[in-house]
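Taken in sequence, the protein lines are chains B and A. If you're matching positions, the first sequence starts at 1 in our numbering and goes up one per residue. If you're matching positions, the second sequence starts at 1001 in our numbering and goes up one per residue.
Hints were generated in silico from the structure; no laboratory data involved. Quick reminder that beta carbons are idealized off the backbone N, C-alpha and C, glycines included. One should not assume that every hint holds.
For each label pair, taking beta carbons as the anchor points, the in silico distance ranges come out as [as the list claims (entries may be wrong)]:
hint, chain 1, residue 1, chain 2, residue 2, range
1, A, Asn1043, B, Lys104, 20 to 28 Å
2, A, Gly1029, B, Gly264, 42 to 50 Å
3, B, Gly264, A, Asn1043, 42 to 50 Å
4, A, Tyr1031, B, Gly318, 55 to 63 Å
5, A, Ala1021, B, Trp145, 28 to 36 Å
For the chain B half of the interface with chain A, some residues (derived, Cβ under 8 Å), not all of them [to be verified]:
hint, residue
6, Asn56
7, Ala73
8, Arg125
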Amino acid sequence: MSCCADGVAKQVVTNTQDSARAGLLSELALQARHLGDGSVNYQIAAPSMHCGNCVNTLECGLGALPDVAKVRANLSLKQVSVTLRSPEKSLETVVAKMDELGFKPQSPGDLARQSHDEVLQRLVRSLAVAGFASANVMLLSLPVWTGATGATETLFHYISALIALPAVAYAGRPFFSSAWAALKQRRVNMDVPISLGVLLATGMSLYESFLGGGQAYFDAAVSLLFFLLIGRVLDHMMRNKARAAASHLAQLAAKGGMVIGADGTLTYLPLGGIKPGMVLRVAAGERFPVDGTVTDGASDVDRALVSGESAPVAIEIGSGIEAGTLNLTGSVDIKATRAAEHSFLAEITQMMVAAENGRSTYMQLSDRMAKAYAPVVHILALTTFAGWLIYSHGNLHASITAAVSVLIITCPCALGLAVPVAHVISAGRLFASGILMKDGSALERLAAIDTAAFDKTGTLTTGQPSVKHLGIPAGEIATLAKALALRSVHPGAKAIAAAIEGSASASIAGLREVPGHGVEASHMGHRLRLGRASWVAEIAAQTTSLPTETGVAFALEGGPLYYSTLSEKLRDGAAATIAKLSARGIESCILSGDGGPQVEVVALACCIKEYHAGLKPGDKLAWLKQKAEAGKHVLMVGDGLNDAPALAAAHVSIAPASASDVGRTAADFVLTSDDLTMVNFAHEAALKTARIVKENFALAIIYNVFAVPLAMAGQLNPLIAAIAMSSSSIIVVANSLRLQLLKPDHSLRARPTNRTFKPEVAHA
Amino acid sequence: MNGLLFLIPVALGLGALGLTAFMWSLSNGQYEDLEGAASRILNDEEIEPRA
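In isolation and in its complexed conformation, chain B is listed as follows (with noise of 0.2 Å):
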């Protein structure tokens, strides 16, 4: 029986890595590019790269395969790009190449585009030439402001004029065109009055240099520009970091699947070729492409993406699957009820993309301060150019002059550096401590927040099952159980392998896992068996009634029957957490798609009074939407696919490590570490950075009303207008670096969580 055993193992081993591999093939071959003279490029992510050496072991690895024209591995994006001279047959001997020297080969997905940044790159270029004139402009510009007169200065200003205006043409592009996409929807946003103040400022220096004689702002106009360029590049590259280390984490989703032909060969067709009636073969550890039914086989499916529940479901033919949940233990045979577009998971999709897009109505408070900022400007200005009107008695020149310094000096480069910076700065501690953050409205809308929703399964508890009571016995029985379970992939069996002290020494052969029901094995002639109570049972001595509790049974042949009893862990912090917040005003709740007794439970370990059990993915949506409805914001925390829809729709959200693909795209935040108290600290940073988004605003209209005066009465000259532009940027800057000392509190994750959940191992 052991012989055959192992050849059902090895067969089902060959399918996994045939199919997995020729999924990868065929997406490589999806993101490649082709070069002129017939030579292939093609990125491949090895995530398992992290030294010097790893790179001299990949580059001459596959440098010496033939056919390679070029390898080049890139140790910050992960990544190797290979040339191949004919690509056809070569990338499967790559691909094969890199699994051989230990580096699993997968594809790169959204980060092989990321690598070619068109926009950052723009952006960079666009920062170089602002730096460059803005510096020469700067040093043109001293000598007028310390006493050069006659040609020296009309010559400074005509040099000047050179540098600046081809930069102001490059390098406020991005700005320009901002503006001119707002202006278009006839919507202000911050863009608008800055661009108007740099292409105010030179075109009246242009007129003065040339016509007037009088003063130049090309130094304001072009050192604005870089100011600001700084911001937007920061605040480009924060994001882009986010997102790559998001997609770092990322399990390959099923991106197609294995469908078996007429005549039995199995070819890998990407998910929008499979249709109804197709059969498709899932190994074990794959997620299901496609709803269906099973034709062939039997294994136990985790359908925690759909349903929240932690333990597996045994599935045998005739069942129903649905798309993104995990097949376990056992290839199956699947026949296709619905198209990949139709199936659960592209509803959940649709569900989210319904939700994100009626979130969108949030402005950002730096558009909205503009909304604000942009008509007192400009009423300013207006007023400015009226006064002097009838004070000159019609001086249009002196007018003109007063009117447009006024909007050259409330041009918001203060303003504009106000929240990216602060945003960068606070993005980056939270970076530092494991928290990603994909947009900085959401430190905005985190700050906002009065209540806080929970998913159970997953977010509060860790969604790995513990072992409660062991009941089994320490000795020859716990060591043949440990060594059984640790040879189990369930997580059933895993809690028990990690509850049971000791070694796992034991002698057993001709293992074998029996889909829907257990493991199985040998020791000494005897059977055992780890698994579920009812076929364990078979081969135990006393049949007494049979536990109803949720709990992995272990006996050998002849024996009794050991039970233990499972029950959910609580995740480390999850009650200080709450208690954190809730002393912040903060109202927590659960919303969870378990039964009721179980979600009870956690309330009442983490001392929530609200809590809702039983709901779908549909009904969370309903119930976020009835709070908004209310006023409330609301942030949502949850992992599961279920959650998905809820954490697009939440004012704010938050995915710890362990969610979903989907619910970490969805989510504002993505935890990297499996520490809950992270979203305290999350919250408290934002609020933070609340703070000093506000102070950065009050400093930098502190400065207009100095300024804008001196303005309005026609005092303004370039000196002022530098000093005054520069000196208020770095004050923002500077009270933004105080966001740099944020820290979390690491003393709150060691604080032991409600008694009454600590998972009793019984040392037996």
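On the provided structure of chain B, position chain A as indicated by the hints.
Structure of chain A alone, referenced to chain B:
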């Protein structure tokens, strides 16, 4: 005044040189793998990309 006639072009020229050098390094991919470059220096033999 005469000094300015060559000092200003020299100053601008040097600045432009730096700008061009930066633009070149950017388009040449010098910033694409910062971590890798730091580690590569520890490799003994130079890996020649196969022509």
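Okay, the hints, checked on the actual structure:
1. For the pair A:Asn1043 and B:Lys104, the beta carbons lie near 23 Å from each other, so the given range of 20 to 28 Å is met.
2. Distance hint check for A:Gly1029 and B:Gly264: the Cβ-Cβ separation is about 48 Å, which falls inside the suggested range of 42 to 50 Å.
3. Restraint check, B:Gly264 to A:Asn1043: a C-beta distance of roughly 49 Å satisfies the suggested window 42 to 50 Å.
4. Remark: the range hint 55 to 63 Å for A:Tyr1031 to B:Gly318 is upheld by a beta-carbon distance near 57 Å.
5. The given range of 28 to 36 Å is respected by A:Ala1021 and B:Trp145, whose C-beta atoms sit roughly 30 Å from each other.
6. About 5 Å separates the beta-carbon of B:Asn56 from the nearest beta-carbon of chain A, less than 8 Å, and the hint is met.
7. Against a cut-off of 8 Å between C-beta atoms, the interface hint on B:Ala73 holds, since the closest Cβ of chain A lies about 7 Å away.
8. Among the interface hints, the one on B:Arg125 holds; its C-beta lies about 7 Å from the nearest C-beta in chain A, closer than the 8 Å criterion.
Hint compliance for this structure: no hint is broken.
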